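Number of protein chains: 2
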Amino acid sequence: MSVTAPKGFTAAGIAAGIKENGKPDLALVVNNGPRRAAAGVFTANRVKAAPVLWSEQVLRGGAVTAVVLNSGGANACTGPQGFQNTHATAEKAAEVLPGHSAGEIAVASTGLIGVQLPMDKLLPGIEQAAAQLSEHGGEKAAIAVKTTDTVHKTAVHQGDGWRVGGMAKGAGMLAPSLATMLVVLTTDADLDAAALDKALRDATRTTFDRIDSDGCMSTNDTVLLLASGASGAVPEYEVFAAAVREVCDDLARQLIGDAEGASKDIRIEVVNAATEADAVEVGRSIARNNLLKCAIHGEDPNWGRVLSAIGTTRAAFEPDRLHVAINGVWVCRDGAVGEDRELVDMRYREVRITADLSAGSESAVIWANDLTADYVHENSEYSS
Amino acid sequence: MSVTAPKGFTAAGIAAGIKENGKPDLALVVNNGPRRAAAGVFTANRVKAAPVLWSEQVLRGGAVTAVVLNSGGANACTGPQGFQNTHATAEKAAEVLPGHSAGEIAVASTGLIGVQLPMDKLLPGIEQAAAQLSEHGGEKAAIAVKTTDTVHKTAVHQGDGWRVGGMAKGAGMLAPSLATMLVVLTTDADLDAAALDKALRDATRTTFDRIDSDGCMSTNDTVLLLASGASGAVPEYEVFAAAVREVCDDLARQLIGDAEGASKDIRIEVVNAATEADAVEVGRSIARNNLLKCAIHGEDPNWGRVLSAIGTTRAAFEPDRLHVAINGVWVCRDGAVGEDRELVDMRYREVRITADLSAGSESAVIWANDLTADYVHENSEYSS
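Line order of the protein sequences matches chains A and B. For the first sequence, position 38 matches number 38 in our numbering, and the numbering has no gaps at all. For the second sequence, position 121 matches number 121 in our numbering, and the numbering has no gaps at all.
These are calculated hints, taken from the structure and not from any lab test. Please read all numbers here as calculations on a predicted model, not as lab measurements. No false leads were mixed into what you were given.
Examples of chain B residues lying across from chain A (beta carbon under 10 Å, computed):
#, residue
1, G114
2, C294
3, A295
4, G298
5, D320
6, V331
7, A336
8, T372
9, D374
To spell it out: a stretch of chain B is covered by chain A in this simulated footprint if at least three of its residues, at any positions, have a beta carbon under 8 Å from a beta carbon of chain A; those stretches are:
#, segment
10, 40 to 53
11, 216 to 223
The calculated label-pair distances, taken between Cβ atoms and stated as ranges, are:
#, chain 1, residue 1, chain 2, residue 2, range
12, B, E91, A, E342, 29 to 35 Å
13, B, G79, A, Q57, 55 to 61 Å
14, A, M119, B, L112, 54 to 60 Å
Ideal Cβ placement from N, Cα and C applies to all residues, glycine included.
Bound-form chain A, shown alone (with noise of 0.2 Å):
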């Protein structure tokens, strides 16, 4: 279903030969109209790709008409050229896309850093792509943005006479501030830009910004909401920002189950912080503790390492008031030994961490994975 269940879309996803390994690498995802309202949130990464810096500028509009996305090559760190090449990518898709122009075409890329894509190829495959447009093209546009994903990721929300759909990508390079991923949410509800700006970035702050698979920001991050109004139903707000909420998170939690080489899903809950600011802080610490995500691949319930992490953060808390409990067993109570850690059973791909900081009463949970020789295989022999 992904982004063509709302009314409204179409999409395409083909091989357009960027890619040596002759898979799909190249998608696009045309709003139809009537409207087109559009939103997005990018990598707060300061070495920003040239898709990244192009879409800025196209969603400053507040409208966008088609989303040209490809894998096999970030187009980052490419300078004028790789500019160039993104400008020339939202030409040629207004050329074959009647009534579009490239000011109203975003454009997002993923892929190997530092290398220029090959336009002989690309843009031919954009007039392929425009040429396979279709209402049913959601799965396939899903299919030609993987890089390393071992599989597609959708999702969709059934609202009141209207929808949410959407497609991601990401597999490594997750972390917050909206690491590797390219993410395109599509509604047939009719709202404005404003709304969806409100509505998305709400959702992507509890969700995108709060999964952290390896504690590295990329530089293409690109999440993109697209409104067409072809439901004619105008839902309240408060229900259609649950709604992208629901998508986002849906699709963050693929993101992190499909996460390079890992073996376990992390969910890290700090509870009674001070503030949520706090919560998030001492989460992204836990989560990026590579001697605690190397015990969790053991399946070692080594909550030292945890009260280790948390120590090295600015947020609110006193030693011997921590309580740490891995998977419902609270092996730390009051900074020191509490239940016996044999008790805690971590043979399942989930494990939950949670951190009582005995500060308030805010809270927020992180999702990470474990460290993995997987992992490391995966990123020492791929070039990404």
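Assemble the complex: chain A is given as a structure, and chain B must be docked to it using the hints.
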């Protein structure tokens, strides 16, 4: 030579039975005077082990007559009982060392967090170590503090009539703010506690504080500097400070060279930064990027990952004025493709990354390690 190279010091290292495998696990270093001046720096982790809390108190007096160090248990996150055990350790040492008092005896521990030390082994061990104290005991003491270290680490500087000697342990959890290292430095120069404190802080700031094996900060880091005054020599402060820095730099380099599972030592030099703080921030961000650390392990000069790490910092720079060299080849110029990456030879253990921020004239060097499957294995199978 180690800590007994300077006059006025005796040391011992024995197997007290704290480690179940019977290897040496208890070290004693004694300052026989005539002076007993001392300085210390400790982990910046807010979750501090009992011996760190104890030794911080001891150092406030500016005098240390002896140091008890044990491997086989960190005595961290062990609650009031853990602190009582550290206190009892110092009391026992005072009892077996004539003329010493517990309040001037520092304690340092390393090993698994969250487990009480076996005091029935440790206390008799102190008595046994005291009986073996010798002017030639420095090597044995250095051996007794090893955990996963494959070699013991010592260094000596020969001054004009005085010396600085040192021993260090640490192989995992190395990070800024002195992560897992226990270091004891000794000198027979005749200097007071204030001079020692200044020299030690100056030295650690640019040595131990700038090595980052795996980004994880320990609960137990301790670096002590003890002066006996036994040589009668009073070196100029700058000369003495340079000697302390040299010994710290030597030991820091040995720590990186023996980091858990590492196959590469990575020297990251950030040049032309606006401030030294910017250079350090950028260096640490590069040092902690797991994707880059994997690439280095795979001998892949993946400079895009260097740029994406720089982009996450707050340092002053323009993305299109960044330059990166790997082993002397400027693979990235002006934020884009530079010299041919095929020219980079990465066969040797030492890898040099230079990041030029084009924003000023300050610089800093950070040492790090690669990320390997061996690191994952060692830290998922060994509960440390």
